[in-house]
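Asker: Read top to bottom, the protein sequences are chains P and S.
For the first sequence, the numbering used here begins at 1 and goes up steadily by one.
For the second sequence, the numbering used here begins at 1001 and goes up steadily by one.
Hints are computed from structural coordinates only; laboratory data are not their basis.
A hint or two may mislead.
Said to hold, decoys possible - Distance condition first, Cα-Cα at most 25 Å in a straight line; then the derived BS3-like pairs of lysine-lysine:
hint: 1; chain 1: P; residue 1: Lys-115; chain 2: S; residue 2: Lys-1313
hint: 2; chain 1: S; residue 1: Lys-1313; chain 2: S; residue 2: Lys-1337
hint: 3; chain 1: P; residue 1: Lys-155; chain 2: S; residue 2: Lys-1299
hint: 4; chain 1: S; residue 1: Lys-1155; chain 2: P; residue 2: Lys-299
hint: 5; chain 1: S; residue 1: Lys-1299; chain 2: S; residue 2: Lys-1115
hint: 6; chain 1: P; residue 1: Lys-115; chain 2: P; residue 2: Lys-155
hint: 7; chain 1: P; residue 1: Lys-206; chain 2: P; residue 2: Lys-155
hint: 8; chain 1: S; residue 1: Lys-1084; chain 2: P; residue 2: Lys-155
hint: 9; chain 1: S; residue 1: Lys-1115; chain 2: P; residue 2: Lys-84
hint: 10; chain 1: P; residue 1: Lys-299; chain 2: P; residue 2: Lys-313
hint: 11; chain 1: P; residue 1: Lys-299; chain 2: S; residue 2: Lys-1084
hint: 12; chain 1: P; residue 1: Lys-313; chain 2: S; residue 2: Lys-1307
hint: 13; chain 1: P; residue 1: Lys-84; chain 2: S; residue 2: Lys-1206
hint: 14; chain 1: S; residue 1: Lys-1030; chain 2: P; residue 2: Lys-307
hint: 15; chain 1: S; residue 1: Lys-1115; chain 2: P; residue 2: Lys-155
hint: 16; chain 1: S; residue 1: Lys-1313; chain 2: S; residue 2: Lys-1299
hint: 17; chain 1: P; residue 1: Lys-313; chain 2: P; residue 2: Lys-115
hint: 18; chain 1: P; residue 1: Lys-115; chain 2: S; residue 2: Lys-1155
hint: 19; chain 1: S; residue 1: Lys-1155; chain 2: S; residue 2: Lys-1084
Claimed, not checked - According to the in silico footprint, chain S covers these stretches of chain P (three or more CB under 8 Å from chain S):
hint: 20; region: 212-226
hint: 21; region: 236-243
hint: 22; region: 309-316
C-beta atoms are modelled at their ideal positions from N, C-alpha and C, and glycine is treated no differently.
There are 2 protein chains.
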Amino acid sequence: MLKHFQVPDDIAIRVNVDTLRSVTERIFMKCGVSESEAYLGADVLMFADQSGIDTHGVSNMLRSYVSGYNSGTLNPDPRLQVIKETPSTATIDGDGGLGLMIAPKAMDIAIAKAKEVGTGVVAVRNSGHLGAAGYHAMMAADQDMIGWCMTAGGKAMVPTFGAEPQLGTNPIAFAAPGNNEPSFMFDAAMTSIAGNKIGLANRMGKGMSPGWVANEDGTPDMDGGAVADFAANSVRMQLPTGSTRELGSHKGYSLGVMVDILCGQLSFAPGFGTLSRTRRAHFVAAYSVEAFGDVSEFKENMDGMLKGLAATKPMAGHERVYYAGLPEHEVRIERMKNGVPLHPEVIDWFRDICGEFEINFDLV
Amino acid sequence: MLKHFQVPDDIAIRVNVDTLRSVTERIFMKCGVSESEAYLGADVLMFADQSGIDTHGVSNMLRSYVSGYNSGTLNPDPRLQVIKETPSTATIDGDGGLGLMIAPKAMDIAIAKAKEVGTGVVAVRNSGHLGAAGYHAMMAADQDMIGWCMTAGGKAMVPTFGAEPQLGTNPIAFAAPGNNEPSFMFDAAMTSIAGNKIGLANRMGKGMSPGWVANEDGTPDMDGGAVADFAANSVRMQLPTGSTRELGSHKGYSLGVMVDILCGQLSFAPGFGTLSRTRRAHFVAAYSVEAFGDVSEFKENMDGMLKGLAATKPMAGHERVYYAGLPEHEVRIERMKNGVPLHPEVIDWFRDICGEFEINFDLV
């Protein structure tokens, strides 16, 4: 299911997760990040790399975080501030820290509120890249809660019938705990594909698939094939999930607006009233299952549902049906054993940055 | 935008909204529903009919409600019961009433809790058809809150890579208030199209569009053209939003599972642990904007965003870009003036049922 975006086996170099985690932590610390924050940032990245969410792992993201700290756009020592709160809500300012470490703190607040009054809903402004949204949603699931996490900002998604991008890829993550079955964990962009995946596909010499982007006049490119240059600051014209109006692109578009509202309008983040290219904000929420009924019964019912979905009669040409979270669970088991497959070029980057930061390079 | 599913102008009979509302109320009352409940049920139906959500208006739904009351599957005098609650949550049993009237009461509870502690989240079991989910979400928006409403159940959606239906169409509604601009109001099935729309299209002699349904072996029908018999109890094989894995059907599928969890698992409704065909449950939530910051500032920012989206440069062949809630707003203005367009066959049904119930028939 996730294979399309993975480094081909014949060139991949397998790196032990603990080794990769350790060097990642040390890189964060060399950027001025404290030891506990570096642990958290590395944990979010390892979650992605272990789970096969390679778009949000070290290979695709770490270098941009390092350059963010180096250029001063990211604050290595942020003081998170609660701007406003009620028993079940909080509006948070992340003080320019990296979202990887800000979002878990926002989720900690949401979980604490959910323990007290049933739910906790937290909107976050002034925070950098979120990392894999599924990590933050899973924090709630691990506490027997339903977890949400979203992030909004930038201009990548073209509204239905539009010819210019107005919204970010605006992913939604949602997690709910199973009992013996792997938890349900959904994490996906509301564009037909994550922006990172286009970059990753193109880096691997693959062209775009039909339905991924709009042509220059806004019409959906349903032929595919082109290899786009989606470098930073170039104009991106990604189609919403659904791709065309006939297939339901207004649903991806509207869910994208919903994410903008929950993250940006609810946190009163700058730029969300003007659809600014540089706007960014997050949203997390936790609903305590215990507030609604018996936790064991809920998790038993979840198991029944999840097993039922996985047992769906498969369509012609396929052997299995999955649910969100199941492939990631299986990849995690495999990678904990065999290591994370990295592209040789990523290994080279680690070697270089370790040299620059005077860190012992021990990945290979 | 909604035109495809409307009765063609040359055969439509325009009926005044107040007249339609009045006869609808009287029909509900003849089914044993109290006057206040009948008002509420008619209000939900009029919202749909006024807004151009014809799939959820009188023409498509009222006859099934009447037969539900007649056959005893719907309780005309339900006693709503709070099974469990915390300061921000409630689990509700609808006592077999129609969802049109149960959901507004659940939303009243959510709004009251949001006024007290910032948010209110309510899961509802044992309740019939919801009506237009957007109505219930808009109740929160009208109180300067963010509103959610979802409903789950049945077997219509085929999971990605599957060859049998496991989930309902599982719509998500979400509303947030603007200031001078029409509020954002999204309401859509997580299948590529609402089940009702297939029925409506087929009744109007239109074939299926590519991406709406799966072939018998589960493969997505990307050709379209067939006119399906989606009568009650026939097997429906609708594709999730995204239609194919390549276009993102796993997103529609997973959002559908999310809706099942929030509605069914959180309300501990029967059948959700076994993916039962007869399961049904709802979910509503309200987040008070005031809990997060200044309401006027929020609505000003919303206006800026909504105006910005509507001002997006249009794609070739289109003159305007919309946001969810804007076309409905414009249809509402037109229909309040010119009446609701009904198919002559629907008028005939009203004439018959009025005769049967000994109600004065004054629609035309």
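Asker: Any hints this thing doesn't respect? Which numbers, in order?
Answerer: As far as the earlier hints go, 1, 2, 6, 8, 12, 13, 14, 15, 17, 18 and 19 are violated by this structure, in ascending order.
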